[in-house]
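All chains should be modelled from the sequences, with the hints used to inform the complete structure.
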Amino acid sequence: MKKILMLAALMAALTGCKEKPVDPEPMTELGVPQNVVLHSATETSLTFQWKAVEGAGFYVWKLTLDGNAVAQGTSGTRNVSIPDLRKGTTYFFSVCAGEGQRYSPWSEPIEARTEGTAPEPGSDRICVDAALVLELDAVPVLGAAGIIRIFTSGGTEADRIDLADMAMMKRRDDGFTVPAEQLTSDSKFHTFLDALPCDGNWRPVHCTPISVDGKSLIVRPHSGVLDFDTEYYVTVDAGVIEGHDGIGEGEWKFTTAGAPSDASSLRVAADGSGDFCTIQRAIDFAAKSGAVISIANGTYHELLYARDKTGLTLKGESREGVRISYPNNESYENGSGSHTSARPALGSKLGASGGRGVFLVENCDNLTLQDLTLENSFGELKGQAEAIYFNSGSNSHRLTVENCSLLSYQDTFLCKGVVWVHNSLIAGHCDFIWGYPKACLFEDCEIRSRDAGYIVQARVQSASDKGFVFLNCRLTAEDGVKDGSMYLARSSGQSECWDNVTYIGCTMAPVIAPVGWKASPAPNPSSPTAGSGWKEYGSVTSSGTDATSGRNAFGKVLTSAEAAPYSSRQAVLGW
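In terms of our numbering, the sequence shown opens at residue 1387 and continues consecutively.
Just so you know, these hints were derived from the structure itself, not from any lab. Possibly wrong hints are sitting among the right ones.
[Stated by the list, open to error] Pairs of lysine to aspartate or glutamate, EDC-like flavour, derived with a Cα cap of 20 angstroms:
hint: 1; residue 1: LYS1601; residue 2: ASP1559
hint: 2; residue 1: LYS1735; residue 2: ASP1551
hint: 3; residue 1: LYS1639; residue 2: ASP1545
hint: 4; residue 1: LYS1768; residue 2: GLU1864
In structure tokens, the structure reads:
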């Protein structure tokens, strides 16, 4: 028998639990397992590991919920993965060591929570942007046709997902659906695409509106199509799930929560405990000026769009705990990204390409990203795949990135305007910091090479603009990246822009090529000055010795006086 649930309103009660095991009688000959940690979590599984106990031949483990064991077993190794768990539910895990008939005492239980959403039992309303869940008795297999529709209680269709549109998509190994052919402004809008709204503009993007997780079918309504404080019902055609007779009117109903009372202070939580479940809906709802969006720890699989906001802050609960991650790439969507002034109608042309980045920002002044991770999870070396594009039409809008991780491979960070990135990690391998900024300062950051390539490609619009400046940064590399395989910068070869890149007081790992700068194509200017071109001051190796002795002639080593205009945030940015 099927169960119909909302991802933001799953009940925490667990039925059909196994009998609680009898605790092994403690013996002191074996030590208690130490360093018991949660290694990873999904919506339906938890994986734990611990330090091996000397003399142990096996381990006995148990997982409890509300004091009752819901899973138990033995393991011959120092780790275990436990499947078939409830989404958004907190469990307690403990383990003891065994050998023959001897057992250690149990380890202290550790708390572990599956991903997903599970508000308090009895909640009858869900976030306006919550995903919906259909629980089945067996793993569902998606059909090739059939439609999922969402209606208001009055019978007006609010959204639909047509499985026939899946023919224009492909499913990645990680479960996300992406375009089978590159999207352009002339591509036709269908139900496996979305249009992200922000203040009367829409970014066309690809999406994953339907997926399978264990025995659950996950349905994600399109962005911005559902209203606050509204009752809906869902219908599912018989062909959507193989062997399933579908869901008719009245079987699957839900009501959305009311709108937040304060648009200047919003909270996003994947577990449904905030004002919104998705960051995008919060961005769209946020006040035009001065809004703060607090983001609870969790993984947020979504593309983002912000336009014409002033003083907007996205603040995560923690840098490692808040992960915004989605796969995008030039092979999926053409260009760096743009928008339309109206939501495309099904079957009409997109009118614009939303671009290959995860987060597209247009004309937002004084935007702040703090304490979060932003990742383009495309995961391959080939193809442009920004984590963020900060686009400023006037090249004067300000962006602050504080204590964040920005992750991709090619073209991780693209910007215009005036930018300060502080105490953050930027990782990639090919032109992974690039763009057209008036001034972009990376201060006290880690710049991590993930493969051979080039750190910067600058396309600065004026010879006198500071461009990209790296102050007191660490240039590092992931394990396995070949020494000498990363250049500080390479040129676009375009005579109408300038290669203004400066490194001040940076520590450079062996991954940096001794010559420093990529010679071909030649930069502009080819002979750098103290004010324009490729330059550095105080660069040292990981052992503290001078790193500039082998540099080629395309870069200039500055004097102390020449380095002064690049040696503080005030000097570089003016604020």
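Verification of the hints:
1. LYS1601 to ASP1559: This hinted pair holds, its Cα atoms lying about 18 angstroms apart.
2. LYS1735 to ASP1551: Holds: LYS1735 and ASP1551 sit about 15 angstroms apart, inside 20 angstroms.
3. LYS1639 to ASP1545: 14 angstroms, holds
4. LYS1768 to GLU1864: 18 angstroms, holds
Violated hints: none; the structure is consistent with every hint.
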